[in-house]
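Asks: full-length UniProt numbering puts the last residue of the sequence shown at 44; the count rises by one with no breaks.
These are calculated hints, taken from the structure and not from any lab test. Hints may contain errors.
Stated by the list, open to error - Label-pair distances were calculated between CB atoms; the ranges are:
{"hint": "1", "residue 1": "Trp39", "residue 2": "Thr4", "range": "47 to 53 Å"}
{"hint": "2", "residue 1": "Arg6", "residue 2": "Val33", "range": "36 to 42 Å"}
{"hint": "3", "residue 1": "Leu17", "residue 2": "Trp39", "range": "31 to 37 Å"}
{"hint": "4", "residue 1": "Ala5", "residue 2": "Arg42", "range": "53 to 59 Å"}
{"hint": "5", "residue 1": "Thr4", "residue 2": "Ser40", "range": "36 to 42 Å"}
{"hint": "6", "residue 1": "Asp7", "residue 2": "Trp28", "range": "28 to 34 Å"}
Think of the CB as a built atom: it goes at the ideal place given N, C-alpha and C, for glycine as much as any other residue.
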Amino acid sequence: MTATARDVLWLVVAFLLAVKAINFLFWWAKREVKLYVNWSHRRL
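Taking the hints into account, I'd like the entire structure generated from these sequences.
Replies: As structure tokens, this is what we get:
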């Protein structure tokens with residue numbers, strides 16, 4: 001199986017999108033945790 005330039009390009013694009021998605025998920029999770037911690041502190 002030989003990888004053409006297009007195959008390599010698609011792999012790079014998919015990899016970059018995966019990295020972006022993971023970064024976004026981490027950012028979102030951190031924000032959610034912060035909101036949850038603030039909310040639980042207010043309840044106490």
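Asks: Are Ala5 and Arg42 spaced within 53 to 59 Å by their CB atoms?
Replies: holds, 56 Å
Asks: For the hint 31 to 37 Å, verify it against the beta carbon of Leu17 and that of Trp39.
Replies: holds, 32 Å
Asks: Taking the CB of Arg6 and the CB of Val33, does the distance hold inside 36 to 42 Å?
Replies: Given about 41 Å between the Cβ atoms, the range holds.
Asks: Using the C-beta atoms of Thr4 and Ser40, is the stated range 36 to 42 Å upheld?
Replies: Violated - the Cβ-Cβ distance for Thr4 and Ser40, about 53 Å, lies outside 36 to 42 Å.
Asks: Take a look at whether the Cβ-Cβ distance between Asp7 and Trp28 falls inside 28 to 34 Å.
Replies: holds, 31 Å
Asks: If you check the beta carbons of Trp39 and Thr4, does the distance land in 47 to 53 Å?
Replies: holds, 52 Å
The structure does not agree with numbered hint 5 stated previously, though it agrees with all others.
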